[in-house]
Amino acid sequence: MSSWRNHVRTSLHQRDKVEKVPYAGVFTCLSQLEERYEIRKQILDDLLCKSLGRSGVDKGKDPRLLQLQLRESEHMQEKLSQTVSDLTTVLYLKEAELQYRQARVSLYRQEALTLARRSNSQRATLSELQHTIECQSKELADLQAEVRGLKKALAQARREKEELLQRWMDEKRVEADRLNKYNDTQERWQRLAKQLKKQLRIEIGKEYVVTNTWSGQTEMLPTAIHWINSTTEIRRVHSEREHVSTVTQV
Amino acid sequence: MADDKDVLRDVWFGRIPTCFTLNQDEVTEREAEPYYLLLPRVSYLTLVTDKVKKHFHKVMRAEDVEEMWFEYEGTPLKWHYPIGVLFDLHASNTVLPWSIIVHFKNFPDRDLLHCPSNSVIEAHFMSSIKEADALKHKSQVVNDMQKKDHKQLWMGLQNDKFDQFWAMNRKLMEYSTEDGGFRYIPFRIYQTTSDRPFIQKLFRPVSADGSMHTLGDLLKEMDPTALPNEGGQKRYQVVIHGIEPLLETPLQWLSEHLSHPDNFLHICIIPTPTD
Numbered sequence: 001m002s003s004w005r006n007h008v009r010t011s012l013h014q015r016d017k018v019e020k021v022p023y024a025g026v027f028t029c030l031s032q033l034e035e036r037y038e039i040r041k042q043i044l045d046d047l048l049c050k051s052l053g054r055s056g057v058d059k060g061k062d063p064r065l066l067q068l069q070l071r072e073s074e075h076m077q078e079k080l081s082q083t084v085s086d087l088t089t090v091l092y093l094k095e096a097e098l099q100y101r102q103a104r105v106s107l108y109r110q111e112a113l114t115l116a117r118r119s120n121s122q123r124a125t126l127s128e129l130q131h132t133i134e135c136q137s138k139e140l141a142d143l144q145a146e147v148r149g150l151k152k153a154l155a156q157a158r159r160e161k162e163e164l165l166q167r168w169m170d171e172k173r174v175e176a177d178r179l180n181k182y183n184d185t186q187e188r189w190q191r192l193a194k195q196l197k198k199q200l201r202i203e204i205g206k207e208y209v210v211t212n213t214w215s216g217q218t219e220m221l222p223t224a225i226h227w228i229n230s231t232t233e234i235r236r237v238h239s240e241r242e243h244v245s246t247v248t249q250v
Numbered sequence: 001m002a003d004d005k006d007v008l009r010d011v012w013f014g015r016i017p018t019c020f021t022l023n024q025d026e027v028t029e030r031e032a033e034p035y036y037l038l039l040p041r042v043s044y045l046t047l048v049t050d051k052v053k054k055h056f057h058k059v060m061r062a063e064d065v066e067e068m069w070f071e072y073e074g075t076p077l078k079w080h081y082p083i084g085v086l087f088d089l090h091a092s093n094t095v096l097p098w099s100i101i102v103h104f105k106n107f108p109d110r111d112l113l114h115c116p117s118n119s120v121i122e123a124h125f126m127s128s129i130k131e132a133d134a135l136k137h138k139s140q141v142v143n144d145m146q147k148k149d150h151k152q153l154w155m156g157l158q159n160d161k162f163d164q165f166w167a168m169n170r171k172l173m174e175y176s177t178e179d180g181g182f183r184y185i186p187f188r189i190y191q192t193t194s195d196r197p198f199i200q201k202l203f204r205p206v207s208a209d210g211s212m213h214t215l216g217d218l219l220k221e222m223d224p225t226a227l228p229n230e231g232g233q234k235r236y237q238v239v240i241h242g243i244e245p246l247l248e249t250p251l252q253w254l255s256e257h258l259s260h261p262d263n264f265l266h267i268c269i270i271p272t273p274t275d
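So the sequences go chain by chain: A and B.
Counting in full-length UniProt numbering, the first sequence runs from 1 upward without gaps.
Counting in full-length UniProt numbering, the second sequence runs from 1 upward without gaps.
If we strip away everything but chain A, and leave its shape as in the complex, we get (with noise of 0.2 Å):
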């Protein structure tokens, strides 16, 4: 029980020890002494009065006291008729508080059944729930087991990939050297051509002259044009060729 509870319990008994119970006693009794003492006086009055009125009757008994002690009983009388009524009425009011209880009772199980019956609706959504949670986790696993696989592939494909364009690099590399290599002897060809063509030329300006010498003209051999042309076409689609092959291997 809470300690406030106790101290205000504690606190009214320690204040009835002082304040009532050393004087109940005392002044109950006065108060009865007083009562008691109110009712003879009266009654003593109202035997004189009537005493007053036909003495010397009935010498040999003493009709006041006899009197006394009648009126003494009837006040008891009343009093405890008093008492009666009062049990009685406090015995109407236990018996209406024990049926205000009994509805309470009725009214405090009615409402434990439905919080029995909300507790078990309840209790089975919670199973549910807790159903859904396991099939969702489950889920969630595998999908976290299909999300690292994929993650792993991924990872292959980008290394594949760098590999590729590493390779596509190199083979560049390697085509780019051909093709210098090819530029420069295209150049040294071109050049040797040069040469030769000019070599040709005045060779065949010394063949025309001497040829002419006797018709007083210098003029170029048609079959010496067509070979220098023929030679120069043959080299161009050789080199054509070589391009596209180089091509299809990269």
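None of these hints come from the bench; they were simulated from the model.
Glycine included, every Cβ here is placed at the ideal spot set by N, Cα and C.
Hints may be right or wrong, so weigh each one.
[Said to hold, decoys possible] Only pairs whose alpha carbons sit at most 20 Å apart, straight line, appear in this in silico PhoX-like list of lysine-lysine:
| no. | chain 1 | residue 1 | chain 2 | residue 2 |
| --- | --- | --- | --- | --- |
| 1 | A | Lys94 | B | Lys171 |
| 2 | B | Lys234 | A | Lys41 |
| 3 | B | Lys147 | A | Lys41 |
| 4 | B | Lys171 | B | Lys147 |
| 5 | B | Lys5 | A | Lys94 |
| 6 | B | Lys58 | A | Lys41 |
| 7 | B | Lys220 | B | Lys234 |
| 8 | A | Lys20 | B | Lys161 |
| 9 | B | Lys51 | A | Lys79 |
| 10 | A | Lys94 | B | Lys161 |
| 11 | A | Lys41 | A | Lys79 |
| 12 | A | Lys94 | B | Lys151 |
| 13 | B | Lys161 | A | Lys79 |
| 14 | A | Lys41 | B | Lys53 |
| 15 | B | Lys148 | A | Lys94 |
[Said to hold, decoys possible] Just so you have them, the derived chain B footprint on chain A, three or more residues with Cβ under 8 Å:
| no. | stretch |
| --- | --- |
| 16 | 82-94 |
| 17 | 140-153 |
With chain A held as given, fit chain B onto it using these hints.
Quick look at chain B alone, frame taken from chain A:
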């Protein structure tokens, strides 16, 4: 509530031994003996002093008798305050029995209300109950009661019948579990050091965060000087029904169990005795 029924009984059956003495200035035919009476703390002076009046009337001439009133050490006692409140406020920490002077002349109109009959006390009592229920339940409970139910409350107090009174009063103490208490706590704080009769304001039993307000919370808001200072020195006593409840006592519980029959929680703040 049922667990604390013994508290309700202890509160109801609280008694103060009192010695009534006739004022020396009153004209009497013979010397008046003092009159001793155990006064119920929860009742009203004029409701339980018929015997006192009768006792002193015996020694006085009818023409010298006017409306009876009471005084303690020079202070006229207000009959419309519960007896326990009057004692705690003016005479606690003094020697018992409580010595009250009875007057039949020079009624102090400026200090006291007239009380020609019990119907005036009944009207005051019922008005307090209605005011308290207005605070607790917006008057719904007291308005739902029938005339005979109101009568039962009054008769219960008048005849000092605990069961009769509480059979009806328990309805005034009910509240829904959802609310956690009354709407407002009907309380009155009396101070000996103040000129105003009492402090009465709106105060809820449950705080905004849902925790229960305590007696300490109430005093902190209404009269912080009543609380012990930082050094722990107690300058004032907070007294309800002659006891000092702990400051952590929930206000709702106090209202349900330590309220007077008028449904108000009467709190007295008196200086701590020096001796």
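Exercise. Okay, which hints does this one fail, numbers in order?
Worked result: 2, 3 and 17
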